[in-house]
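Chains as they are written, first to last, in the numbering used here: chain A, 1 to 306; chain B, 1 to 440.
Just so you know, the hints here were simulated from the structure itself, not pulled from any lab data. Because the structure is a prediction, the values reported are computed rather than measured. A hint or two may mislead.
[To be verified] Only part of the chain A face toward chain B is listed, based on derived beta-carbon distances under 10 angstroms: (1) Gly58; (2) Glu159; (3) Phe271.
Using N, Cα and C, we set each Cβ at its ideal position, and we do this for glycine too.
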Amino acid sequence: MTNSKSEAKAPAKQKMTTWEKNQLFWGWLFIIPTMLGLIILNLYPIVDTIYQSMCKTGDFGKGNIFVGFENFSRMFGDSEVWQALLNTIKYAIIEVPFSICFALVLAVLLNRKMVGRSAYRAIFFLPMIVAPAAVAMVWRWLYNSQFGLLNNLFGLKVEWISNPKIAWISIAIIGVWSILGYNIVLFISGLQEIPHDYYEAADIDGASGVQAFFNITIPLLSPTIFFVLITRVIGALQVFDLIYMVMDQSNKALPKVESLVYLFYRESFDFGDKGYGSTIVVLLLIVILIVTVFQMIGQKKWVHYE
Amino acid sequence: MKKRLISALLVSAMCLSLTACGGSGGSSDGGSSDGGGSSSGALRVAIWDNNQQPGIQEICDLFTEETGIDVQVEVKEWDSYWTLLEAGASGGDMPDVFWMHANNSQIYMNNDMLLKLDDYIDKSDKIDMDKYLPQVTALYTYDGSYYAIPKDYDTIALWYNKTMFDDAGLEYPNENWTWDDLYDTALKLTDKDAKKYGYALNVTNDQDSYWNIIYSKGGYVLSDDHKSSGYDDPKTLEAMDFVGKLLSDVCPPASVMAETQTDVLFQSGTVAMITQGSWMVPAFKQNEYTAENCDVAMIPYDKETGVRASICNGLGWAAAASTKRADDCWKLIEWLGSEEMQIKQAELGVTMSAYEGTSDAWASNTDLFNLAAHLDMAEESKVDGVENKVVEYPFTYNAVKWTSQCQKDLVAAWDDPSLMEEKCKEFAGTMNDIIASESK
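Model the full structure from these sequences, guided by the hints.
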C-alpha cells in the first residue's frame, strides 16, 4: 500500500531497493500513531475552530450558518475583548520574566552541592503536581480580604483580588508561584550540561561567582532559557484556570483581570455562543503566532548554540 | 522471511489490541449498555447539589435493591454541570438520567435532547402528572409533551441568626415583617467596624435574593409572554432602588460578598439575616453553628402592595434522548417520581417534594428550624390583607444567556448602588436584544 503510493508520487525515481522500501514502511508505521493523534486532536480542531469563528453556531452544535467575517467585525467593536487582550498581556509581562528570573537563580542555587538539596528541589517542584484548581482555591482563601491569612497575619486591609488596581498582580503572583518548579527543573537539567571546566578556568582567572553567572552560565544556558521563554509566553497568554477559580462572577475587578481564554470560555460555554468564542481564540492564536515569530527572529541575537 | 512474518503478526496484534482498547473505552463512556440488559453497567445519574447527594444516593440504592439496576450518582458543581451536560448533548454522550432546571429546560426540550416521557407516563400506574405541583410540571412541558418528572420545588424564606438578635436585644423576624422592618432591624444589627452586618444579598443568585423583592414590590423580571424584560419597569426600578439601599447600608461590601459566599458569611455569624431557598436546609442542618444558632421565618412582604412574593422553581428528573437504555432510565425516573420515594425524599430532608401531600413529611425532617416558613409560602393565600404570591421562575428559550449577562452587567451597581437605575435600564435593553436573538 505505502510502497505503491510513494511510487505513484515519484515515478521518475529509480526503483527502490528492498532496504529503502523497508525504511519507508517502518518509518511511516512508527510516525502514523503520533500523526493520527495530532491530526485528530490538534489539527482538525484548529481548522474547525477557524471555520466556526465564521459561523453563527446553532445550539448543541447543530445548524451552523456561515456568516463570513461578521463575528470578527463584532469583535473589533467589542471593547471587552481588547481589554481582555491587554489584561492577558499584562499578566504575561509579570508571569514570564519573574518566573524565569526566580527560577534561574533558584536553579543555580539548587545545582550546588548542599545539605537537603533534594528536599528543596522537591519543595519547589511541589506546586507543579498539585491540581491548578486546588492551587487556586488555596490562594483564594489566602487572599480573602475578611478572613484571609495574608491580611490577618500582617494586619492589612488589602482587597487582593477585588481591587481592580492590584487584582491582576495578585493573580500573576499565583501564576509565578505555580510555574516556578517546572522552570527550575528545566534550568537544572540545562545547568548540568555545562562542563565544569569553564568554571574552573574562570576561577583561576579570578572571576567572581556573579561574573561567572553572567558570562558563563547565562550564555551557555541560553538555549534552555529560550525554550522556557517560548513555552512560558504561550502558556501565560493562555491563562484561564486561575482567573476562573479565584475570581467570582460578581467580582468588580474581573473586567480588569479576565483574559482572552476566560472570555472565550464565557462566550462559548456560559452564553452558548460557540461562534463568537471561536473568534476570540482565533485572535489569541494570531497574537501568539506574532509574538512567537518575533521571538524566533530575536533569538539570533542572544541564544548561543554550541 | 520468517522473522518478517512474526514481526508483522506482532504489529497487527498490537494494532488490534489498541483499537480494541479504544472500542471498549468508547462504549463504557457511552453508557456501557449496548446489550440493553439490566445487568450491563450502571446508569449514570448527574446532579449538581452536594448537599442532596446522600439522600439521592439512598433513594437510588433502594432502586438498585428493587430492580437490580446499578446506579452511579455523580455530583458536579453548578457551572461545570451545565458545561458538561451541554458538551455531552453536543457530542452524544450525556448522562442517562439527570436534573433539569427552568433556566435550561426550554433549549433542551426544543432541541430534542430529552427523552419524551408521554408514552411511559400513559402506561405507568405510578405516575400521575396531576399529582405534582403544576408550576413545576409547566416548566418541563413543551408542545403538550412531558420531558421530565417533577422532583421538588423550592421557596425562599428569611433565615436569621438568633444569637445575633439576642445579643442586640431585638425581636426575631416573623411572618408580619415588611421589607421596611427588615431594613430597620438590619440597620440596628449592622456594625461595620466590628464587621457585623444585618443582611447579606446573594447577588449571584437572583432567585433567592432580589427577584423576590422585585415581585413583592409589584415589579417583574420578564413579561408574562416571556418576550420582554421588566428591568426598566418603574416598579422594578423602585424595588431595585430598595435593593441598593440594602446593599449600601446593611450588607457587607460587594467585594466581600464576591469573595465569600453569603451562605458562608451567614454560617460564620458575620451576617444576621439572609434570604435563602429551601434547598439549603440540609446544609444548615449539618452545619453545627447554624443548627444551634439559626432559624427561619417567612420572607417579608411589601407594605404598599401587601404582596409577599417568592420565586418558586422546581427541578425535574429527565433522561437523555440519546440514551441506549431508555426503559431502564424510565424505571429510575418512575421510581424517583413515585409517591413513595417522593415522601422518602421529603422525610430524608433532601428537599421539599413536588408530589402533593408530602409537605408534612418534609416539615418533620428536622425540628431545628421552623420549616413551616418555607411550606406556608407555597400556599397562595390572602390572610389579613397580605397576599402570598408564588412566582413561577421566569424563563425563555435560553434563559441562561440573559441571567448570566445580568450578573455581569449589574456588578457595577452592586458595588455602587447609585448606578442602580442606570445599569438596570441599560440591562433591560440588552436583555430584550438577547431574547429577540434567541434561536427560536
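Do the hints match the structure? See the list:
1. For glycine 58 of chain A, the suggested interface contact is upheld, since its CB lies about 7 angstroms from the closest CB of chain B, less than 10 angstroms.
2. The interface hint given for glutamate 159 of chain A holds, since its Cβ lies 5 angstroms from the closest Cβ of chain B, which is under the 10 angstroms cut-off.
3. This hint holds: phenylalanine 271 of chain A has a C-beta 5 angstroms from the nearest C-beta of chain B, less than the 10 angstroms allowed.
The structure shown violates none of the earlier numbered hints.
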